[in-house]
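Whenever a hint applies, use it, and build me the whole structure from the sequences.
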Amino acid sequence: MSLQMHAGPPPAHGDCILDEDVASRPDLKEQLIDRYAGLLNDRGWVIGGELNWLHLCLEETLVNAMVHGNEGDPDLSVNVTIWDDGDSWELVVRDRGDGFSPDEVPDPADPDALLFEHGRGILLMQDWLDELRYHDDGATAVLRRRKQRTQE
Amino acid sequence: MPCDFVTVQTYQKIVLVRITKSRLTDAADIAAAGAELQGIIDCHPKVSLLVDLSEVQAMSSQMLAKLVATYKGVQRDKGRMALAGVSKGLMPLFKTTRLHKVFEFAKDPQKLMLLWQRKPL
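One line per chain: the protein sequences are A and B, in this order. Numbering that gives the first Met the number 0 numbers the first residue of the first sequence as 0 and each following residue consecutively. Numbering that gives the first Met the number 0 numbers the first residue of the second sequence as 0 and each following residue consecutively.
Think of the hints as simulated: they come from the structure by calculation, not from any bench. Given the structure is predicted, the values throughout are model-derived calculations rather than measurements. One or more hints might be untrue.
Partner residues are not named here, just some residues of chain A that face chain B (Cβ under 10 Å, in silico) [said to hold, decoys possible]: (1) G118; (2) I121; (3) L122.
Glycine included, every Cβ here is placed at the ideal spot set by N, Cα and C.
Structure, rendered in structure tokens:
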């Protein structure tokens with residue numbers, strides 16, 4: 000699956016149900032993950048065993064934003080928004096960094112990349128999400144998935 | 000610093016590592032587990048390394064990277080490595096990243112250890 004990269008910011012995706020800035024502090028990451036996952040779970044949008052995948056996606060996205068995008072600087076914030084368009088939810092995570100090039104992400108189809116020690120987070124997220132795309136040259140990650148209760 | 004969620008048992012030249020933490024997502028935990036695994040490679044050339052993940056329910060790509068680094072270290076030293084107890088919930092991570100083609104997965108760890116004892120490196 001190719002990586003979607005857009006230069007500009009992402010468009011609004013229905014109603015915004017959360018908009019906050021958080022410090023780039025990995026020690027707070029678990030609390031944030033529990034809160035965002037709880038928010039989606041409480042609405043019945045992600046339930047049961049799927050929660051493990053949601054936790055994984057939140058983990059990968061927040062680590063990328065805090066550690067790579069903001070280079071671990073606690074004074075730099077990460078903006079998190081969650082959107083609801085009726086059929087799907089969208090989580091948008093924006094860091095203050097310069098983004099990244101899709102060329103930096105190993106191609107999973109390349110056997111030579113199999114033993115690389117980086118680049119698997121995006122691959123894992125793509126596997127579960129309906130859509131993973133990047134805006135602002137990679138500084139903003141957009142994670143979208145259909146609400147679980149509408150699928151069942 | 001010893002890692003309180005990693006236990007290491009050595010049987011002749013076979014090393015059994017049990018990771019007893021359900022979520023391997025915290026950067027400090029992952030660094031500690033990685034250091035423990037690296038220490039085993041450093042202390043045991045040509046090691047036969049079995050990593051028991053039966054208590055692990057979730058892990059991040061960073062932990063997968065540590066397992067890959069361990070695998071590469073073991074291969075470099077002409078050793079061998081297998082994973083045991085990988086749950087149904089965890090297996091998709093290996094399949095999605097194609098690491099299921101890299102690692103040997105032991106369905107029966109005891110049997111594999113007996114086999115390794117019979118065929119030492």
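Less than 10 Å between beta-carbons is the criterion; does G118/A satisfy it with respect to chain B? For G118/A, the interface hint holds, since the closest Cβ of chain B sits about 8 Å away, which is under 10 Å.
Checklist entry - Given L122/A as an interface hint, is the shortest Cβ-Cβ distance to chain B below 10 Å? => result holds, 6 Å
Restraint outcome when I121/A is required to lie within 10 Å of chain B by C-beta distance:
holds, 8 Å
Checked against the numbered hints above, the structure breaks none of them.
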